[in-house]
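Given the coordinates of chain A, work out where chain B should sit on it, guided by the hints.
Protein chains: 2
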Amino acid sequence: MAVYTRLGAEEMAGIIAAFDVGTLISAKGIAEGVSNSNWLIETEQDGTGRRFILTIYESRTEVAELPFFLDLLDHLAARGAPVPRTMHDTTGASHRLHRTAEGDKALALIEFLPGVSVSEPTPGQAEAVGGALAQIHLAAADFPGTRANTMALPAWQQLLKDCGREGLESLHPDLGTLVERELAQLAQSWPTDLPRGVIHADLFPDNVLMLGEKVTGLIDFYFACTDLFAYDVAVTHAAWCFGADGSRFDPALSEALLRGYMAVRPMSESERRALPLLARGAALRFLATRAYDWLNTPADALVTPKDPMAFARRLQFYADPANADLFAQKMPV
Amino acid sequence: MAVYTRLGAEEMAGIIAAFDVGTLISAKGIAEGVSNSNWLIETEQDGTGRRFILTIYESRTEVAELPFFLDLLDHLAARGAPVPRTMHDTTGASHRLHRTAEGDKALALIEFLPGVSVSEPTPGQAEAVGGALAQIHLAAADFPGTRANTMALPAWQQLLKDCGREGLESLHPDLGTLVERELAQLAQSWPTDLPRGVIHADLFPDNVLMLGEKVTGLIDFYFACTDLFAYDVAVTHAAWCFGADGSRFDPALSEALLRGYMAVRPMSESERRALPLLARGAALRFLATRAYDWLNTPADALVTPKDPMAFARRLQFYADPANADLFAQKMPV
Chain A
8 MAVYTRLGAE EMAGIIAAFD VGTLISAKGI AEGVSNSNWL IETEQDGTGR
58 RFILTIYESR TEVAELPFFL DLLDHLAARG APVPRTMHDT TGASHRLHRT
108 AEGDKALALI EFLPGVSVSE PTPGQAEAVG GALAQIHLAA ADFPGTRANT
158 MALPAWQQLL KDCGREGLES LHPDLGTLVE RELAQLAQSW PTDLPRGVIH
208 ADLFPDNVLM LGEKVTGLID FYFACTDLFA YDVAVTHAAW CFGADGSRFD
258 PALSEALLRG YMAVRPMSES ERRALPLLAR GAALRFLATR AYDWLNTPAD
308 ALVTPKDPMA FARRLQFYAD PANADLFAQK MPV
Chain B
8 MAVYTRLGAE EMAGIIAAFD VGTLISAKGI AEGVSNSNWL IETEQDGTGR
58 RFILTIYESR TEVAELPFFL DLLDHLAARG APVPRTMHDT TGASHRLHRT
108 AEGDKALALI EFLPGVSVSE PTPGQAEAVG GALAQIHLAA ADFPGTRANT
158 MALPAWQQLL KDCGREGLES LHPDLGTLVE RELAQLAQSW PTDLPRGVIH
208 ADLFPDNVLM LGEKVTGLID FYFACTDLFA YDVAVTHAAW CFGADGSRFD
258 PALSEALLRG YMAVRPMSES ERRALPLLAR GAALRFLATR AYDWLNTPAD
308 ALVTPKDPMA FARRLQFYAD PANADLFAQK MPV
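These protein sequence lines are chains A and B, in that order.
Just so we're aligned, residue 8 is where the first sequence starts under this note's numbering, counting upward by one.
Just so we're aligned, residue 8 is where the second sequence starts under this note's numbering, counting upward by one.
Hint data in this document are derived by calculation from the structure and do not stem from the laboratory.
Computed from a predicted structure; not experimentally measured.
A few of these clues could be false.
[To be verified] Computed list of chain A residues with no C-beta within reach of chain B, every gap over 10 Å: (1) 18; (2) 35; (3) 36; (4) 78; (5) 102; (6) 112; (7) 113; (8) 121; (9) 191; (10) 196; (11) 266; (12) 303; (13) 317; (14) 328; (15) 332.
[Unchecked claim] In silico DSSO-like links for lysine-lysine, alpha-carbon gap of 27 Å or less: (16) A:112 / B:221; (17) A:313 / B:112; (18) B:168 / B:313; (19) A:313 / A:168.
Think of the CB as a built atom: it goes at the ideal place given N, C-alpha and C, for glycine as much as any other residue.
Excised from the complex, chain A in its bound form (with noise of 0.2 Å):
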């Protein structure tokens, strides 16, 4: 939640005359992102308002990596999947290097969608959240891109050595004998031969607007990467199926989440099989992250990191043997 980089409304004004979406009527910075500078833009264009959200890259996106991101979001809308397009400037570009006091930092505009984030979601909402990501799994079936997921096991691995069983206790007495435990059993057990291909792999609902019932935009693609569809499903599980805190765990939101992904893409009898295990993964992969972040994060940082624990206890939560059977609940499929 910032706005890193500083813009003069003339400075705008001239960012926003590189595309071709009318004259600047408004600009405001927005509270939304962690590492990106975000501005909710409105241009007038042939007597029509037209919205846009302009995101300044701050260093933690490699600009390389922008093509993958802009032109998956293009692919997906164009095959009618809930997500912004990306406008491209009058010379085709989907992102522009804009010079700063800091260097040059790279830009693009992109679509604004309507819809508010919900942070206490009905299972009507977490179906139609599962219908969407079956959705773009499929729409991105003949997009050329890929890369490499950089927040998988190898990721975890580090991180979670990084913080140093003392780190890890001082966060919890019990948690390096848990993570421990995991790390060995998910490295034995990872599996490899899943359907996959284009994944959003942090579909939290701060990433989803809604209206009512119906999903009006994923967004947030920074972690978008090739990696096992079942996988996605167990983030967006955990991400959804809890209260924040990780606790209360919800099992109509679990079965309606389930039910919705699976309505428009059935998942194989083995990626099902697959699914506690992975759920597992996903719960220790934001683990991993928080408990570097709140460990790393200096005390005058800007940004508050969150609460490593509240995926401890999801972790705990799919590894509890008494849950065994979660996701094995009869499916329509």
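Just chain B, lined up with the frame of chain A:
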């Protein structure tokens, strides 16, 4: 630049439902305002999109003063001044109390106006701002509310006393002497018999929305009060006619701003004679608050304090006898 209060989508929809403005379509926290939380809200009503700014008042704004600020907006807007009007809730109230984890907070829903804030104004823009300032001075003539200026001379004296001579000299070795001399002269000579009424008192470029050379909105009236009109002209002059760091006085901007004001509300001879002194007061007012904030903001604060020296430079400029005839130029009346 901050959003202090967190609101879930469901909570936001509940807030909006208390106003007869249609269904919530979008809500983006915006990085505006130093002491309040603000969202750009979109609703749909009878098939038409509508936009608003939702403000939640954090501790610095006294709820008891909100009727003055909000009624003033309605009064000015009704008289054609370019200010946003306040949406009243279904019971007719201009503001509501909202329960949050940190206790009840006041909120208001205010009309969204197009426009961007310029950072390098042209003379044409300065002239338009002068005209808009005069327009609100005239339009408020029959506004029944009054509010003392809590940021007048006694407040500057107190803030600068709290900074201490040592504190001021830590900002610049000459600042203690400059402040002492100016405070003494202003206390002795501050005029009391000039025309007065409702003034904005903080009309920096950030608080003016423009499209080209047209003023589309004057915003952020939370320092508005009853005081000398000519002092408001002096504040606006200090805010618009220099580079951000207080150097590079621009005589063309100065001339245009005053011309624009005088074209709508001609100043009397005594107001014009008082302007040099009032401008020293305006510069000292922002020097006082900025120096206080600079010396009292914890290093880990979310808000970066603004450089007080930018107003020390303006103060020196206005106090320099070489600039004595700055406001004495021939102005079309």
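Verification of the supplied hints:
A cut-off of 10 Å between C-beta atoms contradicts the statement that residue 18 of chain A is not in contact with chain B; the least separation is 8 Å. Its beta-carbon lying about 5 Å from the closest one in chain B, residue 35 of chain A breaks the requirement of being farther than 10 Å from that chain. Distance to chain B contradicts residue 36 of chain A as a non-interface residue, since its nearest Cβ pair spans about 4 Å, not more than 10 Å. A cut-off of 10 Å between C-beta atoms confirms that residue 78 of chain A is not in contact with chain B; the least separation is 25 Å.
The claim that residue 102 of chain A is not at the interface with chain B holds, since no C-beta of that chain comes within 10 Å of its own (minimum 22 Å). For residue 112 of chain A, the requirement that its beta carbon stay farther than 10 Å from each beta carbon of chain B is met, with the minimum near 17 Å. Residue placement check: residue 113 of chain A keeps its beta carbon more than 10 Å from all beta carbons of chain B (closest about 20 Å). Distance to chain B contradicts residue 121 of chain A as a non-interface residue, since its nearest Cβ pair spans about 5 Å, not more than 10 Å.
No Cβ of chain B comes within 10 Å of the Cβ of residue 191 of chain A; the nearest lies about 38 Å off, and the non-interface call holds. Against chain B, the non-interface label of residue 196 of chain A holds: every CB pair exceeds 10 Å, the least being about 37 Å. Even its closest Cβ contact with chain B, about 23 Å, leaves residue 266 of chain A beyond 10 Å, as expected for a residue assigned away from the interface. Against the 10 Å criterion, residue 303 of chain A stays outside the reach of chain B, whose nearest CB is about 16 Å from its own CB.
The beta carbon of residue 317 of chain A is kept farther than 10 Å from every beta carbon of chain B, the shortest such distance being approximately 15 Å. Non-interface call for residue 328 of chain A relative to chain B: holds, since the shortest CB-CB distance, roughly 34 Å, exceeds 10 Å. Every CB of chain B lies more than 10 Å from the CB of residue 332 of chain A, the least distance being 31 Å, so the non-interface label holds. Between residue 112 of chain A and residue 221 of chain B, the direct Cα distance comes to roughly 31 Å. Violation of the 27 Å bound is thereby established for this hinted pair.
Among the hinted pairs, residue 313 of chain A with residue 112 of chain B is consistent with the structure: their alpha-carbon atoms are about 25 Å apart, no more than 27 Å. At most 27 Å may separate the alpha-carbon atoms for a hinted pair to count; residue 168 of chain B and residue 313 of chain B meet this at roughly 19 Å. A C-alpha spacing of about 19 Å is found between residue 313 of chain A and residue 168 of chain A, which places the hinted pair at or below 27 Å, so the restraint holds.
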